[in-house]
Structure formats: C-alpha cells, structure tokens
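Chains as they are written, first to last, in the numbering used here: chain A, 482 to 555; chain B, 16 to 416.
Hints may be right or wrong, so weigh each one.
Claimed, not checked - With a straight-line cut-off of 30 Å between C-alpha atoms, the simulated DSSO-like cross-links for lysine-lysine are:
1) B:LYS145 / A:LYS525
2) B:LYS121 / A:LYS528
3) B:LYS121 / B:LYS176
4) B:LYS146 / A:LYS507
5) B:LYS121 / A:LYS525
6) B:LYS193 / A:LYS507
7) B:LYS45 / B:LYS78
8) A:LYS528 / B:LYS193
9) A:LYS507 / B:LYS176
10) B:LYS174 / B:LYS416
In short, the hints are calculated from the structure, not lab data. Just so you know, these numbers come straight off a predicted model, no measurement behind them.
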Amino acid sequence: MIRTIGLCTGMAFGLAGFAVGCTPVKEYRKNRLNDSEMSLSSRKVEKNELNFQSYREGASGANGGKTGGGCGCN
Amino acid sequence: MKRICLTVVGMYFMLLHAFSQVTSDSALFKSRKLKLDEVNLVSSYYTQNGDHSAIQGGIGSEKVTDFANGIELKWVGWDAKGRKNTLAAGLGIDHHTAASQAWISKTGASRHTDGLRIYPSLDWTRENEKKGSSVSLGGYYSNEFNYQSLGLSAGISQKTKNNGEFGLKLSGYFDRVKLIYPSEFEPATFGVGGRGERDHPDYGSSPRQTYTASFSFSQVINTRMQASLLLDLVEQHGYLGLPFHRVFFTDGADSVERLPSNRFKLPIGVRLNYFLGDRVILRGYYRYYWDNWGVRAHTASLEVPVKITPFFSVIPLYRYYTQTAANYFEPYGTHAQSDAYYTSNYALAHFNSSFFGGGFRIAPPKGVFGTHMTSLELRYGHYTQTTDLVSDVISLHLQWK
C-alpha cells in the first residue's frame, strides 16, 4: 500500500511538474491539440474492448470508462 | 451657431440611442432549445476461446461470442444565461453465447448457453463556457437474466487559467446477482421440468454495491502535447463472486467460489498524447492498479494514428498488461477445504496479456461517401493471455452530426 501511495504521489507530482513547466498556448495555436485523434478521453470505438478487458482481467478503472455494473460472466 | 447647436443635440441623441442598446450579456443571449446534435452507433463482435472456465472450476471451454450494439443520441441547447446543456441518451443491446454455461448443470446439459443484456443510459451536462466549469448527472441501468445493475453518477469539472482542467465524478452502482448455483448445489425444493430441465420459480438474489470517486486532471503542455492524470477510488461491497463458479479441492470435492464481501481498488493512469510532425500522433497510456485482494497490475498501451490525408487516418495499436494473482486464486484441484476464501476464476490468476491490432478512421468534410455521416471508424484487435485465452474483437463506430 505504501508503495502504491508512493507511486500515485510520484505520478501526481510528475504531472504537476508538467503543468508548471508547460508553455502557455493561445486558442488560435491549438489546431493540433484540437485534432480528434488528440483527444484525451477513450474513443467510442474502444468501448467494448474496455468492457471485455475489465471482465477478463483483474484490474479495471482509471481509463475514463465505467467502473461497475454489468456481469460479464461467461 | 444654430447649426452647431443642432449638431451637438443630434450627436447627444445618437449617443443616447447607442447606450440605450447596452444591456447585460445574459439579456443579449437568446436561449436555444435542445436540438439533436449528434448520433453515435457502435457495433462490436467479440469471440474468445480458452480452457480455464470458472464454471468448471478452472478447466473446460471458455468459448464465447458476443455481439454488442449501442446507439447514443445527443441533444445540445443553451439556456438564457448562455450555459450549454447536453443531454445524451444511450441504449445498448448485447447478445452472447457461452459454451461454459452448459456446465452449470453438472452433466453439461443446461440448455441456456446464450443471453441478452439491455442497458439504457441518460446523461446531462451543463457547461458554463465563460467560467470554464461544468456539472453533470447520469443514470444507467443494465438487465440480463442473472444480473441487474442500477447506476447513478454526478460530476463537476473546472478549467484552469493555464489550459488545465480538473474533474471529479462520483458514481454508485447498485447491483443484484441472481443466485444460480451449479446443479449439484441447488436446493432440493427445485422441481424438474418436462424436458429434464429444472424449474426455477425464484432463484433469489444477493446485492452488490460499487462506489467510485474518479479524479482527473488534464493539462496542455505545449502546442503539440497534452496529458491527463486519472485516479479512481473504488469500494465494493456485497456478493463479489458468482454463484455458479465452482472450485475443486485437493480431495476432489467441489464447492462454489467464496470471496470476501468487500474489495478496495486503486487504479491510477496517465495519458500522454503527442503530435509528431504533421501526420503522426502518439497516444500513450500507462496504468498502475492495486487492490486489497492482492492483485497488482501494470497496463501500457500505444496507439499511433497516421494521417494519410487530413480526413483519413490509419491507427495501429499495441497494449501490454501484466497482473499478479489474487490471494484467493488457485488452479483446479489445489485449494484446501480449510481455506477461508477460494476461487479458480482465471481473471484473478497471475498472467500477462498482449492486445494488438489496428483500424482506420474516415471523417471527410463533406460527409462519408457524400452522406450526412460525419465519421466512420473500424477497428480490429487480437488478444492473447498467457493462460491460453485468445480472443478477437472487431468494432465499428459511425457518427452523424
């Protein structure tokens, strides 16, 4: 658990470091960032892949998807 | 002099007229009723094979097919205060077949080897674009023969001045597991039907609750790169196994899997997207997972969309996953009857898996094939586990706007 908390904290600090070190980007310079392939959320076409992975594997979550509901039992 | 005076008076009235038009922003804004803005259709066909069925205690066919179809309709409108309201209604229908279900009967004679799942959902989001904030509410229901689920969620998000965004979503799932036991453990009061199949007027059910707090933070790093951090805190209570999963002990006797009635999960993930040059995008993802059943897992994936033209992309992908076994997992015939908890469900075993494949996406400005369809995406993936489970999935996403 301590290792996990350490890892989470490390990742949070890593992203916070990115946030501090990031370059301010004006709206008119976001053409690449606004490209649909650059979206930070899961793609709709992935939905059923994420479902079967969560049923066949012990881990799930932290991917913007659903975290409960549905049996998936076969 | 008279002309100058008249000019001044005229200018005064012009100014007066001009200022009389100044009103508050909200009064200037005309609300727009909700209007259908987007339709999404997602279809998938999934097939799997393996030889570690949990129903037979970790042996036997895991052959499964699943045909899933979902439609989502999205309406968008603005209220008098200029806030954007989005209402999304979804409906999914899955049909699956599973060879292992025949073995709920000890002789492999159960006739019900297929099933249907129906799951409607409704989500509402109100976004204040001036303040960069949003609130959302959602409802979800899923029904299949042996499992019902009701989900509720509420979320907020807030953009920062520096191209970042915080999000928090709380959700609860209130499920019921139908208590369908392997035939040898069915209560003797169950009768036998006309075709030799047992009659089950009422199986009874057991509750399962899942509470999740999902935190997210996304940040634009420069004109080509953005990242997000995702953290879920998940607490589950209730019946967390499945009543028809068998376990065989060292002495040859069998029972139904037995698992603790609570589970705490802690997954944390990072996404990093980078636009390389003018045509290639790198979409990276890493997740570390921890739970109090002893499962530790790492997931890493990379997708590389390549823009052949501005409206046509080819997307190869690879995902690697590894996990340790849950404390309660043992293979067929190795659990001791004295164990407090036991399962032979290979989803909780130690294994590694690979998922690779690819797809393409078309989104021409004049519509796909000149129709109103704004984008079409097709994707195929092949999955292998070191437990010998293999599966294939093909998915299609069509969008109209």
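Now the hints, each set against the structure:
1. Taking the CA atoms of LYS145 of chain B and LYS525 of chain A, the gap is about 28 Å. The hint holds against a cut of 30 Å.
2. At roughly 35 Å between alpha-carbon atoms, LYS121 of chain B and LYS528 of chain A are farther apart than 30 Å, so this suggested pair is violated.
3. Distance check on the hinted pair: LYS121 of chain B and LYS176 of chain B sit about 63 Å apart at the alpha-carbon level, beyond 30 Å; violated.
4. Only pairs whose Cα atoms come within 30 Å are accepted, and LYS146 of chain B paired with LYS507 of chain A is accepted, the gap being roughly 17 Å.
5. Restraint check: the Cα-Cα separation between LYS121 of chain B and LYS525 of chain A comes to about 40 Å, which exceeds 30 Å; the hinted pair is violated.
6. With a C-alpha separation of about 54 Å, the suggested pairing of LYS193 of chain B with LYS507 of chain A is violated against the 30 Å cut-off.
7. Restraint check for LYS45 of chain B and LYS78 of chain B: not satisfied, since their Cα atoms lie roughly 57 Å apart, outside the 30 Å limit.
8. Between LYS528 of chain A and LYS193 of chain B the CA atoms are separated by roughly 26 Å; this keeps the pair inside 30 Å, and the hint holds.
9. For the hint pairing LYS507 of chain A with LYS176 of chain B, the CA-to-CA distance comes to about 11 Å; that is within 30 Å, so the pair holds.
10. For the hint linking LYS174 of chain B to LYS416 of chain B, the alpha-carbon distance of about 26 Å falls within 30 Å, and the restraint holds.
Checked against the numbered hints given earlier, this structure breaks hints 2, 3, 5, 6 and 7; the rest are met.
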